[in-house]
Every structure is written in structure tokens, then in C-alpha cells.
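Asker: In case you want the letters, here they are:
2 protein chains.
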Amino acid sequence: MYIPTFDDMQAAHARIKPYIHNTPVLTSSYLNELTGAELFFKCENFQKAGAFKVRGASNAVFGLSDEAAAAGVCTHSSGNHALSLSYAAGRRGIPCNVVMPRTAPQAKKDAVMGYGGIITECKPSTTSREEVFAQVQARTGGDFVHPYNDPRVIAGQGTCSFEFIEQMKTEHGGAPDMMVAPIGGGGMISGTCLTLSHLAPDIKIIASEPEQADDAYRSFKAGHIIADDAPVTVADGLKVPLKDLTWHFVSNHVSDIMTCTEQEIIDAMKLTWQRMKIVIEPSCAVPLATIIKNKEQFAGKRVGVIITGGNVDLDLLPWTL
Amino acid sequence: MYIPTFDDMQAAHARIKPYIHNTPVLTSSYLNELTGAELFFKCENFQKAGAFKVRGASNAVFGLSDEAAAAGVCTHSSGNHALSLSYAAGRRGIPCNVVMPRTAPQAKKDAVMGYGGIITECKPSTTSREEVFAQVQARTGGDFVHPYNDPRVIAGQGTCSFEFIEQMKTEHGGAPDMMVAPIGGGGMISGTCLTLSHLAPDIKIIASEPEQADDAYRSFKAGHIIADDAPVTVADGLKVPLKDLTWHFVSNHVSDIMTCTEQEIIDAMKLTWQRMKIVIEPSCAVPLATIIKNKEQFAGKRVGVIITGGNVDLDLLPWTL
Chain L
-2 MYIPTFDDMQ
8 AAHARIKPYI
18 HNTPVLTSSY
28 LNELTGAELF
38 FKCENFQKAG
48 AFKVRGASNA
58 VFGLSDEAAA
68 AGVCTHSSGN
78 HALSLSYAAG
88 RRGIPCNVVM
98 PRTAPQAKKD
108 AVMGYGGIIT
118 ECKPSTTSRE
128 EVFAQVQART
138 GGDFVHPYND
148 PRVIAGQGTC
158 SFEFIEQMKT
168 EHGGAPDMMV
178 APIGGGGMIS
188 GTCLTLSHLA
198 PDIKIIASEP
208 EQADDAYRSF
218 KAGHIIADDA
228 PVTVADGLKV
238 PLKDLTWHFV
248 SNHVSDIMTC
258 TEQEIIDAMK
268 LTWQRMKIVI
278 EPSCAVPLAT
288 IIKNKEQFAG
298 KRVGVIITGG
308 NVDLDLLPWT
318 L
Chain W
-2 MYIPTFDDMQ
8 AAHARIKPYI
18 HNTPVLTSSY
28 LNELTGAELF
38 FKCENFQKAG
48 AFKVRGASNA
58 VFGLSDEAAA
68 AGVCTHSSGN
78 HALSLSYAAG
88 RRGIPCNVVM
98 PRTAPQAKKD
108 AVMGYGGIIT
118 ECKPSTTSRE
128 EVFAQVQART
138 GGDFVHPYND
148 PRVIAGQGTC
158 SFEFIEQMKT
168 EHGGAPDMMV
178 APIGGGGMIS
188 GTCLTLSHLA
198 PDIKIIASEP
208 EQADDAYRSF
218 KAGHIIADDA
228 PVTVADGLKV
238 PLKDLTWHFV
248 SNHVSDIMTC
258 TEQEIIDAMK
268 LTWQRMKIVI
278 EPSCAVPLAT
288 IIKNKEQFAG
298 KRVGVIITGG
308 NVDLDLLPWT
318 L
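Each protein sequence line maps, in turn, to chains L and W.
Per this note's numbering, the first sequence starts with residue -2, numbered consecutively.
Per this note's numbering, the second sequence starts with residue -2, numbered consecutively.
These are computed hints drawn from the structure, not numbers from a lab.
These figures come from a predicted structure and were not determined experimentally.
Among the hints, erroneous ones may be present.
Pairs count within a copy or across copies, as identical chains cannot be separated in the list.
No more than 25 angstroms apart at the CA atoms, straight line, and that leaves these computed lysine-lysine pairs for BS3-like [what the hints assert, rightly or not]:
1. Lys166 to Lys14
2. Lys218 to Lys240
3. Lys267 to Lys106
4. Lys201 to Lys298
5. Lys267 to Lys298
6. Lys201 to Lys290
7. Lys218 to Lys201
8. Lys218 to Lys292
In isolation and in its complexed conformation, chain L is listed as follows (with noise of 0.2 angstroms):
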């Protein structure tokens, strides 16, 4: 198991920079007010083909030899690692293979054939996607990039605490003092584990998880990988469990993993619309949901939240239905 450095984000960050934009960070003062605390929104829902994966993504395609990009990319993903991975294969030129759960949201198939990958469904559990993806590898011969699990990936994600800290530091007075992003499988966590670990070691790194996906909070907590199959939750981007290379940062970077209820996600993103203006996904509002639950626990921090992605079927907000 390689664990991705400092030096190989740095490397990421020069390699993709042409790719992704710098996206902006945003504060709102009624959230501030809600909280207690004064929160930095780094907004990757702005990002190329939707997302921060774009990053981890770009990484990995821009970095292999001409050889090897030869024969194209493939991955499983519930979305928007197989938009990303297909938006950086398109801008390479070579061809993109995605497992994809038939139960994830239309648009984000559609958003992916958009940018050229090809689909092939899969039944909505860990089992399926990857009993599918190994026939699918095999027939197409493609370098596979783990929507997480991989190291070129996670140094990629790092870039996004890079720049934040950066932009914290220009545009608002300094660095924050705590950082909390979503976790799923775990590759943004990592990614900010390795960045602020070398860059900004006082950050507390807090992970948020839907309750009823709490796979990493129990992992956390019993100090080793638990897994769940088939995880149900409106956040639908963090349904995967956690893997040896996330493990090794989740379990030696993470202060807390706090969690929250379908409700309190589904009431912090339309909250998230409402107030900031901004579309974001489910998984995204995770943060703010446990953030506003533990009050106490952020208030007269300055805390920095990563804002993941924007990629929503307009026709079915969780909201209304």
C-alpha cells in the first residue's frame, strides 16, 4: 500500500491545475448567526464536471504514460467519481468505462454520457458494483481508478484543502481552526488529512456521516474497517465504505466523525439553497446538518467547510417528496 506524500498533492495540484478551477469559498452571515460560528464554505459544487472528485480524477488519467492511457480509464462509482473520471478522459482523449448503480440519480447518467463515458448498471450494493466492474475490467483492459481507495486520488482531493488554505489566508484573515467535510468512502477526508496534516497540523480534521450510513463513525470508534453492503441515505455519495488507504488516514487524522439524521440532512440543504443561493447535493449538507446538531462544539471557531458537489436531479429534491 502506497501512501500518497505532500509532495505527490503538490505534484497533483502543478498536473491538474489546467483541468479544474479554483473554486470559491463563500460565507453567509445568517448561517453564522444560526451557528455561533464563523464557517467558510469551499465551494467544489462550482467545480468542473460538478464535483471536487474532479480533482482526484484528473490526477490519475493526466498522470498516466501515453502507453497506458492507451487502453482508456474504468471505475465504479454512485456518480460523480464516474462524471469526473469521464469529464478527464474526455479532455485526454481516451475512453472511460463506469459501473454505475441503476438506482443513482438520472441526471448524474446523463451528465456522464455528456462527457462521453460509457455505462454499464449494476444492482445498488458494494457486492454488485464490484462483481460487475471485474467483467467490465477485464473486457476492456482499462487502468482502474478507484473512485477512493488509490493514491493518485487521494493526493488529488488534497489539492482542495491546499487552495482553500491558501484562499483563507489571502481573502480571510488566516487559517481556520477545525475543517469538516462529509466522508463516505473517504477520499476527500484523506485528502484533507494529508494537506492540512503537513501544511496546517493544529486544523482538527471532524468528518460527518449520515446516521444511517454510519459505517466510518463505527469504524472510528471500534478502531477498525466495518462495512455495510447496502447503506440507505438521501446523501447518495456517501453510501461506500472506507478502505485500507482512507483507513490509514481517517483512523490517524480524524479528531471526531459526528453523524445526523435523513431530516436534519435534507433540512441543512434546502437551508443551503435558500440562504446561500447555491445548488448543492445531499452529501454536502452533512456537514452543515451536524455542525448546526453540535453547536456547542463550533461556536467562535472559524471552521472551514468543503461544499462537494452540485450535481442534484432537479426533478426529484428530497424535499418534495
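Take the given structure of chain L and dock chain W to it, following the hints.
Answerer: Using the frame of chain L, we list chain W on its own:
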């Protein structure tokens, strides 16, 4: 009739700066490709109180002498002016009475009350609105801040284009060729005309309007104001008619008025949410709808678009009705 000047706009800008945001200018490579134009969106949906109208309202409120301010302010509005005036009055600590149609979105009524505004409801027609307002004004004695036919308000709205031109020069390589904004009563368009006719008279100013509330279009063609009493359109901010002061600016400085259907507005609104990940009102989808509809007139041009507001009732999205 006092016609506000460029100096009035600059005084307004100095006066309201502490109470407003200099909102960002966003771009979308997807929408550029779709339209063949280079689009620059001035995002007043991120403005305080969720809309550009806080500019004019703040200029009126903070321009009052202490003596005049004591009785507070009052107005009638389909929504955003009401909450902008409530916000500004709240910041100054003076009362604000507003007359709103009972059909206005609940989200806007809630926001007005949230800012401390006092609502009196009227029927959804211009006639009823003006009748009920006369009673409220007589009772309270507050200073009447008309939502658009007021030189203080127009000077305030003109600060939006002033910031925009500055942002275009510093961030986007120079002024645009054209500027498109929605037209209802004409407050934003008049402010745009006021600023650009002085600062950058070569920029073509285009107003966009719903076909189902096309009184400005018909007025423009006829050469005099034609008012409808109660037009029906999803673009609820654009139902009001032109008045003498806004007609002055529209008839002297607007190059063209373009219209679009209800479905085109809803499609452009949904597309903006999907691709730009921002929450915008139906009213501010009207410019994009007319640009998509009249591509050949915008192709190859650098086009500024004013996103006027983001106050939407998330439980009543037009594509789910």
C-alpha cells in the same frame, strides 16, 4: 420629474457600500458553448436580501434625514423590493410597512417578516396594490420608496453595472459588447442605462421580458407607456408596468426589448440551476431565455447578464408543478 444622474449613482455607491455585497461575476463554459456568446453573469442572487433591489432600497433609506427617517418607510412590491426595503430599514433601525399581493411567494413574505417588515396584503393587480398602499401610507406617514419609479432607487440600481464594468475590466479583460437585464417596472434597466450611457455608451443595452407580460415591449414599439393591470407569468418580479421615470431611460437608452415564452423561462431557469449550480428566480432566467432564443444576435459577442435575484419558494418550483 427629477432624472437621477451619474453623480447620484456614485453618491449612492458610497452611501450603500457598507450594506451591500459586491457580488461575483460568474461564467459557464457550457452556456458559452450553447449560445456561441461569451456570457458574464453578475450574480445579484448572492446580494444581501437575495436581490439587486437592496441597492436602491438602501440608497433611499440611508439618504433620509434623521427627521424624515423617524416615521419610517413604506412601499408596495411583488416581493424583492419589499424585503430589500425591510432589510435596509432594519439596518437603520426604522419601521418599514409593505403592501404585497396575497399571491406573492410565501418564501418572500417570510423573509420580509424575518427582516422586521410589516405586511399588508392586497389583491394581485396594480389597481388594488395602489389603493391599499394609499391607505397604509396615510396611516403611517412613512416615506414612500417606490419599487422603481424613484430617482433614489434608480441611482441605487445603477451601482450594479458600475461594479460590473469594473469587474469586467479587472477580471475579464475589458467591458462587454452588450448588457442584458430583465424588465418589469424598469428599475434595474434604468439604473443600467444611467450608468452605462455615461461610462460606456457603446455597450448595447437589451431588455428581456416574458411574452405574457410584454407591456414594456409593446410600449417600446408604440413609443408610449402601455400598462397591463394583472399579467400572469411565472416571472413574478416582472408583472409591473413602466412609469414615467423608467420610461425616460428605456425610451432613450435601450436598444431592443426581446420576449420569450413561459416554457422558455422555466427551461432557462432549470438549465442555470443544473449547470451553474446557483439558485435563481424565474425573473432572472428571462435574459438567458431570450439569448438562447435569439442566438444569432449574440453569437461572438461578450454579453453581460444581470442575475437579479434568488428568492424562490423551493416547495413550488415551476418545473415540478
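Asker: Reference check for the pair Lys218 and Lys201, CA-CA at most 25 angstroms: within, between, both, or neither?
Answerer: within (17 angstroms within a copy, 63 angstroms between copies)
Asker: Checking Lys218 and Lys292: alpha-carbon separation at most 25 angstroms within a copy, between copies, both or neither?
Answerer: Classified as within: same-chain Cα gap 22 angstroms, cross-chain 58 angstroms, threshold 25 angstroms.
Asker: For Lys166 vs Lys14, is the C-alpha pair at or below 25 angstroms within one copy, between two copies, both, or neither?
Answerer: Classified as both; 20 angstroms inside a copy, 24 angstroms across copies.
Asker: Up to 25 angstroms between alpha-carbons, please classify Lys267 paired with Lys106: within, between, both or neither.
Answerer: For Lys267 and Lys106, both the intra-copy (23 angstroms) and inter-copy (17 angstroms) Cα distances are at most 25 angstroms.
Asker: For Lys218 and Lys240, with the copy left unspecified, which applies at a CA distance of at most 25 angstroms: within, between, both, or neither?
Answerer: within (16 angstroms within a copy, 67 angstroms between copies)
Asker: When Cα atoms must be at most 25 angstroms apart, do Lys267 and Lys298 count as within-copy, between-copy, both, or neither?
Answerer: within (24 angstroms within a copy, 36 angstroms between copies)
Asker: Please work out whether the CA atoms of Lys201 and Lys290 approach to 25 angstroms or closer within one copy, between two copies, in both situations, or in neither?
Answerer: Within one copy, since 18 angstroms is at most 25 angstroms while 51 angstroms is not.
Asker: Given a CA cutoff of 25 angstroms, do Lys201 and Lys298 count as a within-copy pair, a between-copy pair, both, or neither?
Answerer: within (11 angstroms within a copy, 48 angstroms between copies)
Checked against the numbered hints above, the structure breaks none of them.
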